[in-house]
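Engineer: Sequence:
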Amino acid sequence: MAVQGASSCPQNGSTRKSPASPRRPRRARGWRRVLAAAVAVVALPAFAGPALALPTHPLHRTPEGGFEELMVPSSMGPIKVQVQWARHGGDAALYLLDGLRARDDFNAWTVDTNALQQFAEDNVTLVLPVGGQSSFYTDWRAPSSTNGQKLTYRWETFLTQELPAFLEGYGVSRTNNAVAGLSMGGSAALALAAYHRDQFKHASSFSGYLNISAPGMREAIRIAMLDAGRFNVDSMAWPWSPAWLRMDPFVFAPQLRNLPLYISAAWGVPGAHDNPNSAVGIFNTVNAVALEALSMVNTISFMARMNQLGIGAHYGLQVKGTHSWAYWQDQLAAARPDILAALGVS
1 MAVQGASSCP QNGSTRKSPA SPRRPRRARG WRRVLAAAVA VVALPAFAGP ALALPTHPLH
61 RTPEGGFEEL MVPSSMGPIK VQVQWARHGG DAALYLLDGL RARDDFNAWT VDTNALQQFA
121 EDNVTLVLPV GGQSSFYTDW RAPSSTNGQK LTYRWETFLT QELPAFLEGY GVSRTNNAVA
181 GLSMGGSAAL ALAAYHRDQF KHASSFSGYL NISAPGMREA IRIAMLDAGR FNVDSMAWPW
241 SPAWLRMDPF VFAPQLRNLP LYISAAWGVP GAHDNPNSAV GIFNTVNAVA LEALSMVNTI
301 SFMARMNQLG IGAHYGLQVK GTHSWAYWQD QLAAARPDIL AALGVS
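Heads up: the sequence shown begins at 1 in full-length UniProt numbering, then just goes up one per residue.
Treat the hints as calculated values from the structure; they're not laboratory data. Predicted, not measured: the structure shown is a model, and the values here were computed from it. Glycine included, C-beta positions come from ideal geometry on N, C-alpha and C. A few of these clues could be false.
To be verified - Think about it this way: if two alpha-carbon atoms lie no more than 20 Å apart in a straight line, the pair counts; the simulated EDC-like pairs of lysine to aspartate or glutamate are:
id, residue 1, residue 2
1, K80, D198
2, K80, D104
3, K320, D330
4, K201, E162
5, K150, D234
6, K320, D274
7, K80, D112
8, K80, E68
9, K201, D91
10, K80, D105
11, K150, D112
12, K201, D338
13, K150, E168
Stated by the list, open to error - What follows is a set of in silico ranges between Cβ atoms, one per label pair, in the way DEER data are often shown:
id, residue 1, residue 2, range
14, R174, H88, 13 to 21 Å
15, S173, F283, 41 to 49 Å
16, D227, A272, 22 to 30 Å
17, R257, G229, 29 to 37 Å
18, H88, A142, 27 to 35 Å
19, N287, G66, 30 to 38 Å
Input sequences plus hints: build the corresponding full structure.
Structural biologist: Here's what the structure looks like:
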């Protein structure tokens, strides 16, 4: 390295002294010190050890296993989704679908059952979408024409595209999921799993309506939907149209082959959870008896169809049990080992 103030350029075979270099201004020296310090700061992590890993997804506001409410963007506007995160940070998820009278403030699985407690120690995230009254969790052809609905339901799009993409940002898998639902949510759970096999590895239907094209079923659904929010079944799908048949588990049964399933229903005989002690309670129990008996008739028809196709499923068919939450809580507990096994969760 050349010494400051000397030149090593040979001239006539000798080394010649150069004039003394002028003193550099203090400002130049100051910038050199700043530059050297910056280089040292940048290089410091290389000597201090490996860099800290930054999170690859948003941090939960609650710890692993905690409960959280998210507002998820969708084509229908923001949708509330209640979530119980996997106990040990796993990426598997169970979607729990509500019934015909789904509310806009909470998913009934969180308040009318002990579903959160059932899975509290399991390494699986519970995903509980809020809303969707009378929707059958499908994409409608138009807004309901009988109640002034402003938007068109796009629940299948939400549950299979928008919500999984959002949850993926939190470390939830888009492909290692199960789906379960009761009544309206039961038939919807089978439909979602049948048409989105890459997303769902297990489906459960509790008291679902699994033969909606059977004689009289469409009109029964029409009456029920008018009672639950004055929704029009014709705005969902025209009678016997491809969209309607696509919703019918009896019709799409072949697409359930090799998919682990848990299917339950009861004959509507009042059981341990039915203790009406008022006129309103008796009225509700009578309705629950009729609705559950209809569900069982649908389920028996669906089971015969599945047997004809040679497709197996785990059936939980009971004599006693009505169309009510306490029985669906029991059926979720019965399905839980199958769900965890399908998701590879121990």
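Engineer: So if I understand the rule, the pair passes when the alpha-carbon distance is 20 Å or less; does K201 with D91 pass?
Structural biologist: With a Cα-Cα distance of about 13 Å, the restraint between K201 and D91 holds, given a limit of 20 Å.
Engineer: For the pair supplied as a hint, K201 and D338, confirm whether the alpha-carbon distance does not exceed 20 Å.
Structural biologist: Judged against 20 Å, a Cα distance of about 11 Å means the pair holds.
Engineer: For the pair we were handed, K80 and E68, check the Cα-Cα distance against 20 Å.
Structural biologist: 10 Å, holds
Engineer: Please verify whether K150 and D112 have alpha carbons no more than 20 Å apart.
Structural biologist: 30 Å, violated
Engineer: Lying within 22 to 30 Å: is that true of the beta-carbon distance D227 to A272?
Structural biologist: Holds: the Cβ-Cβ distance is about 28 Å, inside 22 to 30 Å.
Engineer: Taking 27 to 35 Å as the hint, is the beta-carbon distance of H88 and A142 inside that range?
Structural biologist: 44 Å, violated
Engineer: Is it true that the C-beta distance of N287 to G66 lies inside 30 to 38 Å, as the hint says?
Structural biologist: 37 Å, holds
Engineer: Lying within 41 to 49 Å: is that true of the beta-carbon distance S173 to F283?
Structural biologist: Taking Cβ atoms as reference, S173 and F283 lie about 44 Å apart, which means the hint holds.
Engineer: For a C-alpha distance cap of 20 Å, please report whether K80 and D112 respect it.
Structural biologist: 18 Å, holds
Engineer: Between the alpha carbons of K80 and D198, is the straight-line distance 20 Å or under?
Structural biologist: 24 Å, violated
Engineer: Verify the proposed pairing of K150 with D234, using a straight-line Cα cut of 20 Å.
Structural biologist: 16 Å, holds
Engineer: K201 and E162 were given as a pair; does the straight-line alpha-carbon distance stay at or below 20 Å?
Structural biologist: Since the Cα atoms of K201 and E162 sit roughly 19 Å apart, the hinted pair holds (cutoff 20 Å).
In summary, the numbered hints that this structure violates are 1, 11, 13 and 18.
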